[in-house]
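Colleague: Residue numbers (my numbering), protein chains in the order written: chain A, 135 to 503; chain B, 672 to 971.
These aren't lab readings, by the way, just hints derived from the structure by calculation. Please note that the accuracy of each hint is not assured.
[To be verified] In silico DMTMM-like pairs for lysine to aspartate or glutamate, Cα to Cα no more than 20 Å straight-line:
id	chain 1	residue 1	chain 2	residue 2
1	A	Lys337	B	Glu726
2	A	Lys337	B	Asp827
3	B	Lys802	A	Asp167
4	B	Lys879	B	Glu731
5	A	Lys337	B	Asp945
6	B	Lys898	B	Glu910
7	A	Lys337	B	Glu828
8	B	Lys898	B	Glu933
9	B	Lys898	B	Asp959
10	B	Lys948	B	Asp923
11	B	Lys879	B	Glu968
12	B	Lys879	B	Glu785
13	B	Lys879	B	Glu697
14	B	Lys898	B	Asp945
15	B	Lys898	B	Asp916
[Stated by the list, open to error] Partial selection, computed: residues in chain A whose CB lies under 7 Å from chain B:
id	residue
16	Ala148
17	Ser155
18	Arg166
19	Ala170
20	Val347
[Stated by the list, open to error] Computed, partial: chain B to chain A, Cβ under 8 Å:
id	residue
21	Gly723
22	Leu724
23	Arg742
24	Pro744
25	Leu754
26	Phe759
27	Leu763
28	Asp774
29	Tyr776
30	Gly777
Since this is a predicted model, take the numbers as computed values, not measurements. Idealized CB from N, CA, C, for every residue including glycine.
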Amino acid sequence: MTTPPPPAPGSRAARWQAFRSLSRAMFRGFARDRAAMFFSILFPVMFLLLFGSIYKSSSTPKISVVEVGRVSVLDQARAGSHGQLDQVLSVTHSSSLASALNEVRQGNVDAAVQQQDGTLVVRYSVANPTTAGVVNSVFSGIVQAANQAASRRPPAFQLSSRQVEDKSLKPIQYLTPGLLGWAIASGGAFAAAITLVSWRQNKLLRRLRLAPVGTGSVVTARIAVSVAVGIVQMFVFIAIAITPYFGLKLTAYWWMAIPIVICGTLAFLSIGLLVGAIAKTQQAATALANLIILPMAFLGGAFIPLTFAPQWIQDVSYALPLRYLVVGMQDVMARGDGPAAALPAMGILLGFAAVLTLISVRVFRWDEI
Amino acid sequence: MTAAISVRDLRKSYGSLRAVDGVTFEVEPGEFFGILGPNGAGKTTTLEIIEGLREPDSGEVSVLGMSPWPRNPALLPRIGVQLQASSFFERLTAREQLRTFADLYGVPARRADEMLDVVGMADVAGTRTEKLSGGQAQRLSIACALVHRPEVLFLDEPTGALDPQARRNLWDLLRGIAGEGHTVVLTTHHMDEAETLCQQVAIMDHGKVLQTGPPAALVRELAHPVKISVESGLLGPEEARTLADGAVVADDGVSLTFTTTEPAPVLAGLANRDALKGLQVTGATLEDVFLSLTGREYRA
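Isolated chain B, as found in the complex:
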């Protein structure tokens, strides 16, 4: 199976700033791939080179077996690009907007109207895009990117400016799209977004890919201690310490917390003593992976 996207040793500098400094990765067909990193890590520049908006200084890019640079008319109908929620024609309604894009790709208007249903916007079809909420505009923008059934879909920070509720709604939509066999490449600085949506992530910082892999595997490889906490007062401190060797036990008056790399005996012990009230188990996240890779806190 050949990769849908293959990037080899990509470099791009702006003056003395190395925006992209030797990036290599592959995206398999049908995969949901995330490029993850803080702002300024080089995610967007990498994506723009892959889309064909920028010419790399050096390195190779192949999308569906073709080179995206210079502007490749044979490739364009096979990729879909979502740039920003506001990239619309002025003063058109949601339906007109989608139909205009459908026309540009030679897609019938019926398909455009179907897409309104897919993104759940049939009820605001007659609303001008300026009046849509942030989440609705983002959905419409994704619908415009999908109207011609592209094989590869690029999403640049799709949930950037959305409130938590709208983000969750959009995640549901994106999961549905991934289920239909599109290859999706997404950039995000939200670690939780990458963890929930992506099958593979590339963690970037300072123009370099630090690590690639499935989010769960990256977290597991850390062998990071797990935090287990229950309500304070269920167990005495002495008894708590007997549950597990090597666990750090702390009680702040609200919660009794165990920090351990071997959570199984602790959980079993708590269950035997019927002391599971208010149980919370917190494992490592991609933020911890970032911390261990860069030695600094993750700040979006």
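If we strip away everything but chain A, and leave its shape as in the complex, we get:
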């Protein structure tokens, strides 16, 4: 049996072999690390399940109403609305006004309605001003519609209202890119920081420096493994979010999220690289990475959707790479933007990665001391 001669040191074949074996070693190290698996895959998925379930039915809060006696105006309006009104109102019945009012005072129901001939009496509590406002407008709408119908003339004006977003935009469609962005951010930052610090501590970094392996092979292997992990995270998230229970609807160019994930991974690897270059121990690296990633998750639109966030958070978010990762993914996955919409976000993420990498190289040390 003859074996092929080993590739010459520094040749393309040797670099490829080094890259392959380093990637394999790093991937095995990751896959066998239960804590890393938990924090990069399972933990974010738990957040997705939790938030996804909490916000699932939160699109319009229903108003609960007690009918005292017979309220024909309301009954006719419900019968005539083909179930639309029942999406807003949940109606129960009571024969005693006193007990119904008690329910309203205690906040168990939002309003009690009673019909006295031609007058609809609505009693509500102002403890919750928003609900009180909704109660008022719903019932004035019902009364106006009834008056209009009683006049037997076609209405002079009609209201047609539509949501600006795609009709299917549900919380899951900003939760998925948001939490996925956070998962990729912490995965990338921790992977780079911990690898660098632990390899410096156990002197593997020096050992590799004394092997005929270029820094390029080591760095590209780390990038390849992290990008692979990021894409796995993305598909796990999408697989869960598109189940009928959560009901994520991907828009046409959702696959543009893949290049965004790659750029985002590079940006957060560069953060990890800097953390790893500065920190001396693994504990310090973990603490420092947390200190950067966690606030960024709140300010960069991962945990709190930027559309709902206060103005100052929206302003701050422009300085954070996580914003571009999250919003970029949202645009192509949920808002239905075309592939070109992702390019500025990708460019900013790559630029961020380049700048931080340059800084890291300057503060990088092979050895402790």
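For chain A, the structure is supplied; the task is to place chain B on it using the hints.
Modeller: Positioned in the frame of chain A, the structure of chain B alone reads:
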């Protein structure tokens, strides 16, 4: 024959500390060379300069006729470096670890598996390195350094944290390696290790080489008195003193001890009187050489 390693007037300072202060020595091909000295003597810094991990302030280093600094890709495949027992990829098994290093040097996986046998670790090939004992991890680390058949092997304190049994096992392994024609450079603060393993030693202290030579020759040159002791009570004190002129004789009730620079007549006399029960002869060691060179006790 040109030297495998040649070091001339090497100097390296850290601030006001002269870690290496004018070190000169040569290592012949195939030689087992020890750099010996207490902690902080400058052994490791010297070794790191030779390996190419640090740049010397001044002086010349040549390894296999090449300069190790700056990082020399032509030299790297020809040297093997064992740093510490824990310098491994996380969560890989012993076999995977060795195969990864084999890949980095472009060596087939078969050779990696052979090395597991050479260091006697075939039975723990599937064990993750975190779970190996100190001695096993050290053996694996040496296997990783040898997998590409380097011409020169560097070992930095290989038995540092090992128990006596594991140290002895590792010595056997290292003797076997030396027999295969590798040039080996080892640093140690264990005098006995240098004495058993090395053909040549350089004794270092405070960044300087105090003396170089074969351990046995260094000890002999001392002309240090030898201690001969037998069981107490075999000879009376008067009779004992007649055995040798100039020997110091002492009896502590357990042993009768002669301290002399001329052991031959004492031993002959004891043999004639059939008084060799419990015989022990203790010569000088490298520790005594260190003591005579520095004027202070050797403390690792």
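Colleague: All hints, please: hold or fail.
Modeller: Results for each hint:
| no. | hint | result |
| --- | --- | --- |
| 1 | A/Lys337 with B/Glu726 | holds (18 Å) |
| 2 | A/Lys337 with B/Asp827 | holds (12 Å) |
| 3 | B/Lys802 with A/Asp167 | holds (14 Å) |
| 4 | B/Lys879 with B/Glu731 | holds (15 Å) |
| 5 | A/Lys337 with B/Asp945 | violated (59 Å) |
| 6 | B/Lys898 with B/Glu910 | holds (18 Å) |
| 7 | A/Lys337 with B/Glu828 | holds (14 Å) |
| 8 | B/Lys898 with B/Glu933 | holds (10 Å) |
| 9 | B/Lys898 with B/Asp959 | holds (13 Å) |
| 10 | B/Lys948 with B/Asp923 | holds (16 Å) |
| 11 | B/Lys879 with B/Glu968 | holds (17 Å) |
| 12 | B/Lys879 with B/Glu785 | violated (40 Å) |
| 13 | B/Lys879 with B/Glu697 | holds (15 Å) |
| 14 | B/Lys898 with B/Asp945 | holds (19 Å) |
| 15 | B/Lys898 with B/Asp916 | holds (15 Å) |
| 16 | Ala148 | holds (6 Å) |
| 17 | Ser155 | holds (3 Å) |
| 18 | Arg166 | holds (4 Å) |
| 19 | Ala170 | violated (10 Å) |
| 20 | Val347 | holds (5 Å) |
| 21 | Gly723 | holds (7 Å) |
| 22 | Leu724 | holds (6 Å) |
| 23 | Arg742 | holds (7 Å) |
| 24 | Pro744 | holds (6 Å) |
| 25 | Leu754 | holds (5 Å) |
| 26 | Phe759 | holds (7 Å) |
| 27 | Leu763 | holds (6 Å) |
| 28 | Asp774 | holds (3 Å) |
| 29 | Tyr776 | holds (7 Å) |
| 30 | Gly777 | holds (3 Å) |
Violation of the numbered hints given earlier is confined to hints 5, 12, 19; the remaining hints are satisfied by the structure.
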